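These protein sequence lines map, in sequence, to chains W, G and D. All the letters of the first sequence, read from the start, carry residue numbers 1 to 747 under this note's numbering. All the letters of the second sequence, read from the start, carry residue numbers 748 to 924 under this note's numbering. All the letters of the third sequence, read from the start, carry residue numbers 925 to 1237 under this note's numbering.
Since the hints were made in silico from the structure, they are not lab data. All of these numbers come straight from a predicted model, not from anything done at the bench. Nothing false has been slipped in among the hints.
Derived lysine to aspartate or glutamate pairs resembling EDC-like cross-links, with alpha carbons at most 16 Å apart:
hint, chain 1, residue 1, chain 2, residue 2
1, G, LYS757, W, ASP230
2, D, LYS978, D, GLU1048
3, D, LYS1008, G, ASP856
Just so you have them, the derived chain G footprint on chain W, three or more residues with Cβ under 8 Å:
hint, segment
4, 90 to 103
5, 215 to 224
6, 624 to 637
7, 679 to 687
Virtual Cβ for every residue (Gly too), placed ideally from N, Cα, C.
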Amino acid sequence: MKTTRRDFIKISALGLGAATIGGSVATAATKSFFGADKLNKLMTKRTATYCEVCFWQCAAWAYTDGADNIKKVIGHPDDPHCNGRLCPRGTGGVGMYNDKDRLKTPLIRVTDKNGKQTFREASWDEAFDVIAQGMKKIAQEHGPECVALFTHGSGGKFWGHLLKAYGSNNISAPSYAQCRGPREVAWQGTFGEGLGSPEPIDIRDTKCLVLIGSHLGENMHNGQIQEMSDAIDKDATIITVDPRFSTAASHSKYWLPIKPATDIALLLSWIHVLINQGWYDKAYVEKHTYGFELLKTHVKDFTPEWAYGITTIKPDVIRKTAREMFNAAPSVIVHPGRHVTWYGDDTQRLRAVAILNALLGSWGRRGGFYLSDGISLPQFPHPPYPKPKRNWKDAFPGQYNLADSALANGICDATLPAASRDCTIKGWIVNGTNLIFTLPNIENTKKAIENLDLLVVIDTMPMEITGYADVILPECTYLERYDELRTSRHRYPTIALREPAVEPQYNSKPGWWMAKQLGHKLGLDEYFKYNDIEEVLDWQLKQVGSSLDEMKRLGVKKLDRDAFAPLYFNENEAVEFFTNTGKIELYATSFINEGFDPMPKYTPHPEPPEGYYRLNYGRAPMHTFSRTANNPNLTDLMDENTVWVNPKVAKVWSLENDQYVWLENQDGVVTSFPIKVRVTERIRWDSVYMVHGFGHKNEKLSRANGRGASDSELITNVMVDPIMGGTGMRGNFVTFHTKKPAKGGLL
Amino acid sequence: MRYAMAIDTKKCVGCSDCVVACQTENDVPIGYCRDWVVEVTDGTYPQLETEIRSERCNHCDNSPCVRCCPTGASHYAEGGIVLVTKNECIGCGACIQSCPYDARYTHPDGYVDKCTFCMHRVKKGMEPACVAVCPTKCMYFGDLDDPNSPVSKILKTRKFKVLAPEAGTKPNVYYLI
Amino acid sequence: MREEIIISGRMNPGIDPVLTAWGWEIPVYLFLGGLAAGLLFFAGLYYLLGKAKKYPAAVRKAPVLVPVLLALGLFALFLDLHHKPYFWRLYTTIKLQSPMSWGAWTLMLITPLSMIWAALHIREWFPNWDWKFQWLRDLEKFFSAYKKQMAWAMTILGLILGIYTGILFSAFNARPLWNTSILGPLFLASGLSAGSALIMLISNKHKERRVFAQIDLIVIAVEFFFIIHMLMGFQASTQVQIDAAQIFLGGPLTAPFWIFVVILGMIVPAVLEIMELRHFKIPVVIPVSLILFGSFMLRWLISNAGQLSRYLY
Ligand SMILES: Nc1nc2c(c(=O)[nH]1)N[C@H]1C(S)=C(S)[C@@H](COP(=O)(O)OP(=O)(O)OC[C@H]3O[C@@H](n4cnc5c(=O)[nH]c(N)nc54)[C@H](O)[C@@H]3O)O[C@H]1N2
Ligand SMILES: Nc1nc2c(c(=O)[nH]1)N[C@H]1C(S)=C(S)[C@@H](COP(=O)(O)OP(=O)(O)OC[C@H]3O[C@@H](n4cnc5c(=O)[nH]c(N)nc54)[C@H](O)[C@@H]3O)O[C@H]1N2
Ligand code: SF4
Ligand code: SF4
Ligand code: SF4
Ligand code: SF4
Ligand code: SF4
Ligand SMILES: [Mo]
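Based on the sequences and whatever the hints tell you, model everything.
So this is what it looks like as structure tokens:
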């Protein structure tokens, strides 16, 4: 039967780790026998790395003592991502390495004669054999396009390379349709290009920073936090629009406690005020934009008074803040946000944000958006990839043409069989993403998984997704491996190296090695014609005048900007934008071509029914999603999430601080675990708030298991963005249970 | 020489990086900390104010912890830094009771431990680990007797307060408000 | 609403969520010290008043227990020390501003003194005691000649020790509930009360018992006055101290304080003693154990309440 084919297995099955733990004790014993331990402690060594605790990828030095203990990880002073200062998660990154609950050896799903499924420890060779067999079978029976890769974080290049060589381009990251996809599409529709990561925003030189939701300070994207602080030093005006009194709001000159889901109304009325008052950069708009008159007509009726009725933000506040923006223009940033998949009309909301920036002339200007520069390294030579005949998009004919990346949820849906198409995905390779927590609508993800013939998970931790795998490949942590070179764009180009600070613990291996071994098993030797990664990195670096040796010494190499590409627009030169009209499109021609509104409109969204509260979620500065929920250093700072409840609501429900409750959503889904109440004025009376990434089910996660609750379980209503397929997740409503309800959760 | 620290509550975001950095720098065992972060919110939605402060030993000029220590383990070191000498401390806990800020704790090895202003780094001319890591650069450290030290300079230009002045300990950690 | 929370997860054992750096050891140490102080004080005083014959329990019998009480107390203190191998450091410095140092040195003086006194009166408990060695017998003779001086020392050091048991707390400004000079006299009174109660128990002379019951009643009255005075003092003081007093006036330790310390530890035994004085038959062990229990609870609760009280900032 399908449903029992892939039981969720707690990795505790079988004597996992016994052998490997024995091994590490033995090495420790030999070390102390030779008395080396003490002596070596005195010597410290540093190795270059870049942080993998989130996707900002700060470059750093890892310090080890002679006994191979990683003592600390310190930001690289020359790195523009971090300027020598890591965020708490990066500083606590050693906990990723030290976590005793790590995956230790390859595991293969087996079924015993009673039908009970368990994982058995396997050698790397066995594990690759099973995977290669599975992939070959899928290729034969359905075509290689029926294997998809989900990947987040580094290592993606190696697995992507493998998959493309194998013949599939179904490669997706949850950082698109669950995160910044709508923003990228809105920016492409307006300015002709996306923003990428790190976003090219010139916060350090801005005079006015407008945050729409973006909860900088809780969202610890390092460079932005640092620059927001610089901006505060320089007395920049910060305007925060957030229904919750976020940390950023508490540091702002203006906090606009907006009614949730109404941002587009506020943005439209700001546009209205700027245009009607003439508070926009006339020369810039004249020179660079397309569709101003159409926009002017479009926003004619969107007065602050109109917006007040919707957003509850007072008209004079709307005018005053609009004036502040204009006063600062063009050194003003209406922040594009990052996790923007909120209500399903997100691309349009971000279009409004883009339009505001265009009117204020901040794109390509100091204190607004700078023009980033980066270096692209040549790929290590390999034969051309085979051309896939189909891909996941076949499941959505005519839809999401504006999306420029694969949708993780789209691949999930394309895994569910449908009579109308032949491309049903049969195999998943999941690298560094905990899909169970990451994709909304867990039931749907599980259903997709049930239809798979092969699920391979590459992870460092026994996270939820590993419980559904056929084969689990334990990756060593970023502190124990080489990886691809970091070449992200910034104010100037840089290259950063990640080199192992210590040998991999247990029987874990780096991703590049796994992809290569599997490549050989699949007969793709031509694509992996190198002995090891050092050869590849050295080759790549030599193409651009550096070398692996130099990079080991430098860690981060700063390069000069392209001499013909200034950091800001040259005021006297014409600019060609990559849009249909070559201008900044206030009126988006690409949108109208696809049948979407060329200018944003406000549409009301459902409100919580009686006795329910809108589920708001976000970040805690000391954690990254679920990946840090078991990190010993970081759980020391925060070991569970809480549900924020306004005192008025607490009174109605007789809730007290630190009391545990279960949450149930509008569809009757209850959290698997109870969550602690935090009674605070910082949240509105119509919402509750919780930090994403807690409430883990896997018992092998000794610090995370059962601590706090998972917002992911409660997100069953997904409002898909018709423009690019993003999954709006903020339309869920919850109520409280003070006693454990009979129903279980989805985990 | 008078070492002091100033912390800008207008910039601190409560990320607790200062806490982890201190732990990894000073081998503070997991489950213990020499510094911590306090968040105080006043008002009623939406009329709200939140202050976030990173706190640690204030290296008080008039420190009861030094006075009450029966062995002299707690003492003033160079620049007014209050230190505990591990192998003079008997772990009696008197200093813990005497500190109005709860800045001290008993190390699992038995002696009482607390913030040292990272004396080992300061001696080498480096900033304390927490100051050096803070992503918002909201901490300033230096010698109050030196008018050009970062801490003297910032205290000249900004309003500040100390914690529980009525306890009479004369703290040397200042909060910019 | 005001919300004040630590957001970095601070959980230093013994410090968070509330201070519990001192558990049962220090209250036991202070209780036994107070009791010993009471016994020594009465022994010294009545010896000097020439009542050694009349009040044998007070002057001769009870003090024999003192070295044992002090040893147990010191052992409790020792248990409280977390860095035990360095215990000796207490005696390499004299720190006048440190009550801990003070206590250590007072005990350093009082313990040998009490041992000698006990040795001189050991035959009260073991009539056939023999010192076995001649030099010990000589020593006994030698010290017997200085009983008066020793009695003076015991009276004075007894008072100092009794007051010290309170000062150990009141020296800590940082704990608003301890920050009152009344704790010294209060703990002294409590120690005297416990001392007189124990003498009552040990004594088999009706007259002596009556006298110590009367003394005890007076001391209890004084102690009660000090408690009221302490609480009123807090009420008239700063906000932190008003908050601190609240712990006993409606706050978390109100019931134990009033029930165990005041009612069971003072009022009930006082009533029983009055009844006894009026010739009702009350087994003496009842009021005595109530008083001893109350005296311990006073220290235990003040220790915990003090650790609960703090400066707000
Ligand atoms: N510490 C830490 N930092 C991180 C991450 C992490 O895991 N941990 N993850 C990183 C990643 S990948 C991303 S994408 C970013 C995400 O971080 P952001 O891009 O900042 O995410 P948002 O969803 O914009 O921010 C959540 C905020 O939106 C507010 N909000 C909720 N509903 C509404 C609404 O209707 N209107 C408005 N105006 N605001 C609303 C919430 O109250 C909350 O303050 O964080 C990054 N930084
Ligand atoms: N409910 C809800 N869902 C969300 C969000 C939300 O706020 N709420 N946020 C959305 C956003 S903005 C994003 S960007 C996504 C993020 O989604 P994910 O990237 O899936 O986030 P994590 O939960 O951190 O999962 C990362 C996985 O990578 C593993 N890992 C960590 N380090 C390594 C490594 O070095 N190698 C390998 N192979 N694996 C590693 C971790 O153990 C973990 O299983 O989630 C989205 N989904
Ligand atoms: S922002 Fe923090 S977690 Fe992310 S890469 Fe940088 S240091 Fe690491
Ligand atoms: S590291 Fe800096 S910003 Fe973060 S909590 Fe500490 S003082 Fe505040
Ligand atoms: S803060 Fe506490 S521990 Fe530090 S010097 Fe002052 S009283 Fe002593
Ligand atoms: S615990 Fe140590 S440092 Fe503190 S008072 Fe006692 S001896 Fe001194
Ligand atoms: S100064 Fe050093 S010891 Fe003190 S809190 Fe900062 S990092 Fe820790
Ligand atoms: Mo994201």
